[in-house]
Amino acid sequence: MSPRETTLSTTPTPEAIAGLRLGDIVYLDGLIYTAREGVYKRALEDKANIPMELPAQSAANFHCSPAARINPDGSFEMGAVTATASFRFAKWLPEWMAKTGARLIIGKGGMSSKDYKRYFVPNGAVYLTTVGYGTGALLGRGVETVEAVHWNEELGLAQAMWVIRARRMGPFIVASDLDGNCLFERENAEIAQNLERVYEGTRPAVLKRYGETDDRSDEVIG
Amino acid sequence: MIPIPLIQSTAETLMDKAAIEIPQDYLDGLQAAAKTEDGDLSAFVLKAMLENYEAAKEDRRAMCGDTGVPRWYVKLGNEARVEGGMCALETALRRATANATNGVPLRPNRVHPLWRTDHDNNVGIGAPEIEYGFEPDGAWIDLITVHKGGLFGTDYRMLFPSDGIEGIKRFYLDSLVAFGKRGLACQPAIIGIGLGGSKDTCMVLGKRAAVLRTVGSRNSDPEIARLEDEFKTLGNSIGMGAMGFVGKNMVIDCNIEVGYCHTGGMQMSVHAFCLSSRRAVARLWPDGRVEYRTDPDWFTPYQRRDTVGWDAQAEAAE
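Top line first, the protein sequences correspond to chains A and B.
Note that the first sequence covers residues 1 to 222 in this note's numbering.
Note that the second sequence covers residues 1 to 318 in this note's numbering.
Keep in mind that the hints were calculated from the coordinates and are not lab data.
Zero decoy hints are in this set.
Within a straight-line C-alpha distance of at most 25 Å, the following computed PhoX-like cross-link-like pairs (lysine-lysine) qualify:
#1 Lys35(B) <-> Lys248(B)
#2 Lys199(B) <-> Lys208(A)
#3 Lys91(A) <-> Lys41(A)
#4 Lys208(A) <-> Lys169(B)
All values reported here derive from a predicted model rather than from experimental measurement.
Start from the sequences and build out the full structure, keeping to the hints where you can.
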């Protein structure tokens, strides 16, 4: 069975979000901004004014830094676009969502169902994962224009806040829903049933390490 | 004498090729995987990746937005001479890295570990890494660039002889399962395993096994080659596919390299060369000829020699 495909606005209605199911394929239309540790720190810890009207202009936060350059004439050249792993941003996301009304968090690898239940669901937000990883060239094709880049002087190109206009940008996969379910945890649970057989005959290492788990149903993202 | 401008311009072309063109051996491996994949989501991911490689080549844009951390492996034939010497070569490679970062463009990934300073050109302290190898004959140099991405999928562990092959298997599985979940390792990948050496050389061996050998290559030691086959099958029997979804393709190939180690130990490292297995190679000749290829051909009999002298071994083989 091939997955369901749908197109979504980056300022989606609550109904549109409620209609998404785990594993759906999504293409995005509208403005998307990139924000990762640099932007979060600057906006939330240093209290800098966010240079966009959020969520009116965009409710889509992409955990990404593009392969891009700023030309001498001030125009932009954006090649490939790929997400970075999102679990590291759990520290900032609740406050960021409250402040910006972000409804679509786009990145790599998703968050835990604990995160989804604690602050995604109350904010009416879901997580979209990039595919691959990463389909950088395909996503790059979905960039109609680069509208702006903010804070590149302060944060460097890789951490700057890029604002892009997406036209049928994708594919992305719906990795959480409004009940707080997690696509990756669902898959993990199914795979875990097979692990005992695969590990059969192997032995734990003679020399142990502090702080590690020997339970293969655990995840390393904590 | 190989001129510096030729080294720099070739290096810039290699940076471009590595970022944009998926090597044919990896592509063949992934296409074969896509044919066997029956997990719905895993199969969708592989199909999207195959389309992505086409899009990258058509548009001449980087295949992945995380363009990795560019590094260089330089191999010199014993008679090779570089205009201006090796310091001039290193400067040419640093220039090419900076120019290509702005040109392709690549993501300027390289920052200071503490101050997070970004020169926006992938050049800085110790960056790009430049490593060297030598071969007994030839006046050529091979320039190899690898843009390995990813912060996950690589691990090291000090094992001991009593851990045995079963211990090696377990650490291999641990690395695949731990970093395969949610697709953190960007699998299916070329898995490189380093065994022996010292802690640092073990990491180097594993990384080189992943990035400097092609899909389908086998270690010259038939017993190790057999292990490579077995480990590939084992990794693909976990039941995990692309992005950590249910599936059967985790490992496009498994390459193992070894080095002699302390009598009491059995160091092991595991490295994952991701869905964007970026590598590009060129051989430069003193007469100005440049031949491009994607097989680094790093692990020659000379690199794996286990005798004191090389001539003696060459004679023994005759």
